[in-house]
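A.B. asks: Next come the chains, spelled out residue by residue.
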Amino acid sequence: MASSRLVAPELATIDIKGTTREAFLIRATLAAGATYGALSATPYITKALAQDGGGDVDILNFALTLEYLEAEFYTRAVAQVKGLSGDEMKLAKELRDNEAEHVDALAATVKKLGGTPAKKPSLDFGAAFANRTSFLKTANTLEDAGVSAYNGAGPLIKSVDVLAAAGSIVQIEARHAALIRLIRSKPPAPLAFDKPATMDAILAKIKPFIG
Amino acid sequence: MTDSALRELADDPSSRKRFFKMMGGAGAVSAFGVLLAACGDDDKKDTASTPAAADDDANDAKKDDGATGDIAVLNFALTLEFLEAEFYAKVIDSGIVKDKKVAAIATKFGETEQEHVDALKATIKKLGGKPVSAPKTKFEETIDKGLMTVLETAADVENLGAAAYLGAAGRIKNKDVLAAALSIHSVEARHAAALNQLLDRGFGGKGGLKGTLPDGAFAKGMDEAAVLAAVKPFLA
Chain H
66 MASSRLVAPE
76 LATIDIKGTT
86 REAFLIRATL
96 AAGATYGALS
106 ATPYITKALA
116 QDGGGDVDIL
126 NFALTLEYLE
136 AEFYTRAVAQ
146 VKGLSGDEMK
156 LAKELRDNEA
166 EHVDALAATV
176 KKLGGTPAKK
186 PSLDFGAAFA
196 NRTSFLKTAN
206 TLEDAGVSAY
216 NGAGPLIKSV
226 DVLAAAGSIV
236 QIEARHAALI
246 RLIRSKPPAP
256 LAFDKPATMD
266 AILAKIKPFI
276 G
Chain Z
690 MTDSALRELA
700 DDPSSRKRFF
710 KMMGGAGAVS
720 AFGVLLAACG
730 DDDKKDTAST
740 PAAADDDAND
750 AKKDDGATGD
760 IAVLNFALTL
770 EFLEAEFYAK
780 VIDSGIVKDK
790 KVAAIATKFG
800 ETEQEHVDAL
810 KATIKKLGGK
820 PVSAPKTKFE
830 ETIDKGLMTV
840 LETAADVENL
850 GAAAYLGAAG
860 RIKNKDVLAA
870 ALSIHSVEAR
880 HAAALNQLLD
890 RGFGGKGGLK
900 GTLPDGAFAK
910 GMDEAAVLAA
920 VKPFLA
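As given, the protein sequences belong to chains H and Z, one line each in that order.
Number 276 marks the last residue of the first sequence (this note's numbering); no jumps.
Number 925 marks the last residue of the second sequence (this note's numbering); no jumps.
Just so you know, these hints were derived from the structure itself, not from any lab.
Note that this is a predicted model, so its numbers are computed, not measured.
Nothing false has been slipped in among the hints.
Here are the simulated lysine-lysine pairs, DSSO-like style, with alpha carbons at most 30 angstroms apart:
no.	chain 1	residue 1	chain 2	residue 2
1	H	Lys-155	Z	Lys-789
2	H	Lys-260	Z	Lys-790
3	H	Lys-270	Z	Lys-864
4	Z	Lys-864	H	Lys-176
5	H	Lys-202	Z	Lys-909
6	Z	Lys-862	H	Lys-223
7	H	Lys-223	Z	Lys-810
8	H	Lys-158	H	Lys-270
9	H	Lys-272	H	Lys-185
10	Z	Lys-862	H	Lys-260
11	Z	Lys-909	H	Lys-184
12	Z	Lys-909	H	Lys-270
13	Z	Lys-864	H	Lys-223
14	Z	Lys-810	Z	Lys-779
15	H	Lys-260	Z	Lys-810
16	H	Lys-158	Z	Lys-790
17	Z	Lys-827	Z	Lys-789
18	H	Lys-177	Z	Lys-862
19	Z	Lys-921	Z	Lys-819
20	H	Lys-177	H	Lys-223
21	H	Lys-158	Z	Lys-909
22	H	Lys-260	Z	Lys-819
23	H	Lys-260	Z	Lys-909
24	H	Lys-202	Z	Lys-789
25	Z	Lys-909	H	Lys-223
26	H	Lys-155	H	Lys-202
27	H	Lys-223	Z	Lys-815
28	Z	Lys-864	H	Lys-177
29	Z	Lys-814	H	Lys-223
30	Z	Lys-834	Z	Lys-787
31	Z	Lys-862	Z	Lys-810
32	H	Lys-176	Z	Lys-909
33	Z	Lys-779	Z	Lys-909
34	H	Lys-177	Z	Lys-909
35	H	Lys-223	Z	Lys-819
36	Z	Lys-810	Z	Lys-864
37	H	Lys-260	Z	Lys-779
38	H	Lys-155	Z	Lys-790
Sequences and hints are given; from them, build the entire structure.
C.D. replies: In structure tokens form, the structure reads like this:
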């Protein structure tokens, strides 16, 4: 696990449409530098934008910010939430580990593209860890938001390889969302079509957690 | 079988009510809107079937290629959705699912797959393409093997669907069609996770169709040829 923080070996070994993540990272570098319209974003994302000129790096940094938030959320939850069943705690740890791997992979990809990974924001989840119910409710919100965020950002991605990587992450977010929803006795897939969200909408949604 | 989570879900009348409301109400309309908005570019309709016609205009030619390719991807997706919708419909009709709550899940998932079918067909037509016909299936053989096999097959097919959309996403040219495909991809993933959980496979799953399950924190896409090979046993 520790080594993945440096080189994201998981990404290097997964086939993406007949190629490997190594190739993906290299080829994605060539696609970097394409620019998009200005994104209104929180300061750390704006900073990354200014440095890298937009494009896939911005989208990856946006995703990275979300993953920092999710990883930290589950890390704190595992330490603080009382009253989770054994299975629920096991799931929380699994989700924490998944999100940490997403963080590592996204940060490594941003670097490979020549960008500067967004810094981890300072986070405040308020009363989310007060009990099982509030934890699960917030987890539900975050996971569904994650799905909407990736789905909204997907079509803005220039590099087919970066798109494949984002797709491989969003599918996991969707699976997380479904399971948290099942635990909450909510429909795992409430809509026939998951709604995409703009970066602005997602940033507004996560703003309460950024302190 | 660990169906407690699904049992709880099905037991929640308020969320079920909301679900059906969304399916039959504004949610369904806006979902179609997503797909149909993909096709606002009317000039594709005529040129899609004759891509060579605009060869002298580089931009138009590029657009034509995109539409033709996108129609092919959409028809591939449509074939899978036909299979999924048909499978759930046959399972429900067979009466093999005695547990009312599990039956409710199968019904819901099946209705969602039918919505995907309808939306994909409409989108293909809007792009000037011809939707493929529903394939002839032999799901009866699966159903005859009993409930466990039915649920395993449902999980396998949903995982396969998620892998198929992930594998195909990069081939889609039209950004709106891509947005629509992504909005379906994550729903297939939700279905897959719920069914994996029902079977106590963990949300990522284990067993199942080789190559369709996530590798830890990262899901894997599957290319069209492999997906079609995987569904072959279900085709008559």
